[in-house]
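Chains as they are written, first to last, in my numbering: chain A, 1 to 267; chain B, 1 to 332; chain C, 1 to 263.
Please keep in mind that the hints were generated in silico from the structure rather than gathered at the bench.
Please read these numbers as outputs of a predicted model, since none were measured by experiment.
Quick reminder that beta carbons are idealized off the backbone N, C-alpha and C, glycines included.
Incorrect hints may have been included.
[Said to hold, decoys possible] So, partial list: chain A residues that the calculated Cβ filter (under 7 Å) puts toward chain C: (1) Tyr22; (2) Leu28; (3) Gly32; (4) Ile39; (5) Ala43; (6) Ile45; (7) Val46; (8) Ile197.
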Amino acid sequence: MADLPAIYLRLISARIRAQLQYRLSFLLDVLGSFFLTIIDFLAIIVIFYHLPALAGWTLEEVAFLYGTSYVIFKLVDMLIGHLDGLGDQVQAGQFDMIMVRPLGALFQVVTLDFGMRQLGAVLQGLIIFGLALWRVDIDWNTGRVLLLAQMPFSGALIFASVWVAGHTIIFWITRGREAINAFTYGGNMFTTYPIQIYGAWLRRLLAFIIPLAFVNYLPALYILDKPNPLGVPDALRFASPLVAVIAAIVAWRLWNFGVRHYRSTGS
Amino acid sequence: MAIITVQDLEKTFAVSRRREGARGLIGRLARETVQVRAVDGISFAVKRGEMVGYIGPNGAGKSTTIKMLTGILVPSGGTVQVMDLDPSRRRIDVARRIGVVFGQRSQLWWDLPLADSFALLRHIYRIPEQRYRANVAQFTELLDLGGFLQTPVRQLSLGQRMRGELTAALLHDPEILYLDEPTIGLDVVAKARIREFLAQLNVDRGVTVLLTTHDMGDIERLCSRMLVIDHGRVIYDGDVQAIKERYGGERTLIVDLEEPGPPIDVPGARVVKVDGPRQWLRFHRTDATAASLVAAVAARARLLDLTIEEPAIEDIVRRIYEGEAAWEASTA
Amino acid sequence: MRLYWEVAVRGFRRYTTYRAATLAGIFTNTIFGFMRAYVMLALFDAVTEVGGYDVADALTYTFLAQGLIMVAYLWGWWDVAITIRSGDVVTDFYRPFDYQAYWLAQDLGRALYHAVARGIPPFVVGMLVFDVRLPLSPLVWVAFLVSIALAATVSFAMRFMVNLSAFWLLDYRGPGRLAAALWTALSGFAVPVAFFPEGIGAVVSLLPFVALFEVPVDIFLERQSGTGAAGALLFQAGWALVLLAAGRWMLAAARRKVVIQGG
Numbered sequence: 001m002a003d004l005p006a007i008y009l010r011l012i013s014a015r016i017r018a019q020l021q022y023r024l025s026f027l028l029d030v031l032g033s034f035f036l037t038i039i040d041f042l043a044i045i046v047i048f049y050h051l052p053a054l055a056g057w058t059l060e061e062v063a064f065l066y067g068t069s070y071v072i073f074k075l076v077d078m079l080i081g082h083l084d085g086l087g088d089q090v091q092a093g094q095f096d097m098i099m100v101r102p103l104g105a106l107f108q109v110v111t112l113d114f115g116m117r118q119l120g121a122v123l124q125g126l127i128i129f130g131l132a133l134w135r136v137d138i139d140w141n142t143g144r145v146l147l148l149a150q151m152p153f154s155g156a157l158i159f160a161s162v163w164v165a166g167h168t169i170i171f172w173i174t175r176g177r178e179a180i181n182a183f184t185y186g187g188n189m190f191t192t193y194p195i196q197i198y199g200a201w202l203r204r205l206l207a208f209i210i211p212l213a214f215v216n217y218l219p220a221l222y223i224l225d226k227p228n229p230l231g232v233p234d235a236l237r238f239a240s241p242l243v244a245v246i247a248a249i250v251a252w253r254l255w256n257f258g259v260r261h262y263r264s265t266g267s
Numbered sequence: 001m002a003i004i005t006v007q008d009l010e011k012t013f014a015v016s017r018r019r020e021g022a023r024g025l026i027g028r029l030a031r032e033t034v035q036v037r038a039v040d041g042i043s044f045a046v047k048r049g050e051m052v053g054y055i056g057p058n059g060a061g062k063s064t065t066i067k068m069l070t071g072i073l074v075p076s077g078g079t080v081q082v083m084d085l086d087p088s089r090r091r092i093d094v095a096r097r098i099g100v101v102f103g104q105r106s107q108l109w110w111d112l113p114l115a116d117s118f119a120l121l122r123h124i125y126r127i128p129e130q131r132y133r134a135n136v137a138q139f140t141e142l143l144d145l146g147g148f149l150q151t152p153v154r155q156l157s158l159g160q161r162m163r164g165e166l167t168a169a170l171l172h173d174p175e176i177l178y179l180d181e182p183t184i185g186l187d188v189v190a191k192a193r194i195r196e197f198l199a200q201l202n203v204d205r206g207v208t209v210l211l212t213t214h215d216m217g218d219i220e221r222l223c224s225r226m227l228v229i230d231h232g233r234v235i236y237d238g239d240v241q242a243i244k245e246r247y248g249g250e251r252t253l254i255v256d257l258e259e260p261g262p263p264i265d266v267p268g269a270r271v272v273k274v275d276g277p278r279q280w281l282r283f284h285r286t287d288a289t290a291a292s293l294v295a296a297v298a299a300r301a302r303l304l305d306l307t308i309e310e311p312a313i314e315d316i317v318r319r320i321y322e323g324e325a326a327w328e329a330s331t332a
Numbered sequence: 001m002r003l004y005w006e007v008a009v010r011g012f013r014r015y016t017t018y019r020a021a022t023l024a025g026i027f028t029n030t031i032f033g034f035m036r037a038y039v040m041l042a043l044f045d046a047v048t049e050v051g052g053y054d055v056a057d058a059l060t061y062t063f064l065a066q067g068l069i070m071v072a073y074l075w076g077w078w079d080v081a082i083t084i085r086s087g088d089v090v091t092d093f094y095r096p097f098d099y100q101a102y103w104l105a106q107d108l109g110r111a112l113y114h115a116v117a118r119g120i121p122p123f124v125v126g127m128l129v130f131d132v133r134l135p136l137s138p139l140v141w142v143a144f145l146v147s148i149a150l151a152a153t154v155s156f157a158m159r160f161m162v163n164l165s166a167f168w169l170l171d172y173r174g175p176g177r178l179a180a181a182l183w184t185a186l187s188g189f190a191v192p193v194a195f196f197p198e199g200i201g202a203v204v205s206l207l208p209f210v211a212l213f214e215v216p217v218d219i220f221l222e223r224q225s226g227t228g229a230a231g232a233l234l235f236q237a238g239w240a241l242v243l244l245a246a247g248r249w250m251l252a253a254a255r256r257k258v259v260i261q262g263g
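Only chain A is shown next, with the shape it has when bound in the complex:
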């Protein structure tokens, strides 16, 4: 167990070496990922072109949500986004080879690739986040600094849990990949807007049952000193680390349950 980080680094650096064989394509890919994601922010700008505040949130405040959501989500995407390929691996029988190796199945799927191109998306998220931080007026105190500092960690754990838990359905429905997008990429979009704008049932599902509200919205209420229109207990604004750990445990259990139901292909 202790040498897992070392094995991880070896496997990932082999992936990066392979990707760098095509330098021009890699560069275009990073650029593509930069532009493809910044469009979502341009859409927000277009909306704010027509109004000063969306549900009481200014452009700068929405940019804060957008920036945190994208930086965290795209980092997770870079590390484990290739879980998207699980259905294809199951289809092609490649998952069989994972199962006969003396390492955890999730660890191996995650080390099959490395989404270096997401650097473009992360960079664009960082730029928007930087601009937001510069333009919003935050009354900094220790609590706010700590709350902001924990966001990447608990946020990443929550997004990663969604990714892992969602992909367990592949073990039953091999071609079900697109349904998971609603929660992964959908979760990314969901967390770029103040979640009080969403209808009650959608919010209940995506913000609390799948605890996406804890990625950035609830901490942001405290950091940006916004009112709490949903009427949830104020303490939840600080609950992200705890919720993230619970989400990770649930996702881990679901994954192991799914692996035991892996059917393999052929006979």
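Let chain A serve as the given structure and place chains B and C on it in line with the hints.
Structure of chains B and C alone, referenced to chain A:
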């Protein structure tokens, strides 16, 4: 001492398929779920150091069994013990001590040089440095990998890749080696080389080998024991030699005559096939000798050429499938 | 013609077998539709009209756009590029059919399947939950269906060219993603082009990308008079021809390259 013990093993799959008789767009969407018993109560044991051929037609349940032995699939019923461990519960512990070559699936990194794949496997299996070096050196020599160790796997020929796969499966000194179609698609020379290597491996290192194949040549060359499976059940488990002897008495004399004619009637043999001037005469060792038959044929027609065909295991197995062999599957 | 018809039918059928994938896609398109619809509701909570859209228009746009995603199929069609990388394309060149027409037929078959199976369900669900608009005039429906067919053709023509770029660039994913970014931003998919600041919107409206989403949606919303709608269809048809011709020109260049380099 059994290294693999399988008792009443079962695997059932729920399969969704198109409803029979349904047509058109709606028909394409209408499905029904049926339970398929891929493995239906299999029992056998394999001793340490044995080389066992595991054969059967497509869809017989061979791969499903292997997948349960390796921990890929969780059995629906029965028990599996591999080195005294339950592979579905202790998958990782079992994986450390087995090697797997699935002919159709690669364990190599296709866009990296072969040597890099080995290096990564060294870390995945946590192989001690010295052991790793010694093994790479030995297999490089035995399988003649030297010429393409630095070539990306995607550029290797099928035979080269298979040699790479074998090495990859053996670097960590596994106690059991599972081989699924290791010679599929290879030419005669490459097949011979891999068979020779496997035989040597079994002698030198005492590795237990379970070999799934469609190529009876693999079985004849390598295995003393054969397990035949069909419809998820074991239909024969025993000596390769015994079954050969049982049917081995029957041989076929193939004669090319100068001109086509009616089936030749000679005592002690019967014509089983006629194709123009070529005729197939089957005879049993106790009824005639090849020499006496040739003489008898030559006395009746002008003979241009002849060959004698030994019974192929394919034929024997086909007969077992067809139920011609009326003996119960004996358990070893 | 018979051949291309068969190819189109096969393109259609190929996707009918992936039932689970279709259901999964419908689910996700619908969830995204809901999220985007709520963003629209929040916007129209503060204003009554944006670029000529009222709230019902905006909701209708949202679910139409979700339904048309797989018709326009902006992200992830690499069938041609894959045959180029594998080298199979060379044998296809020597087959007795028109290479571009072959792929167009197959893709239109696919687009028809996706228009029905992936297009209608999200819109119907959206219709049940939100107040969307439905045109009453059968003429508008006819124009809308023609417009979708043209959108599929324009979309194919653009994807075909991006795929062909694999002849010159080793890998196709980089250029593919850059192109996808352009399409997403300028087609009216991310936000209606009508919402853009006026000057920018006017320029973007002349580009072929609006033929993918903005034009069919505008026809559905009856934002144009009868002659205006006819003009919009002509606009789409014109771009379809220009882009297909550009694709043929690229294809000819690619063939020359193959002949000279021997693949």
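(request) Against the structure, test the hints numbered earlier, and report the numbers of the ones violated in rising order. (result) Going through the list in order, the structure violates hint 6 alone and respects the others.
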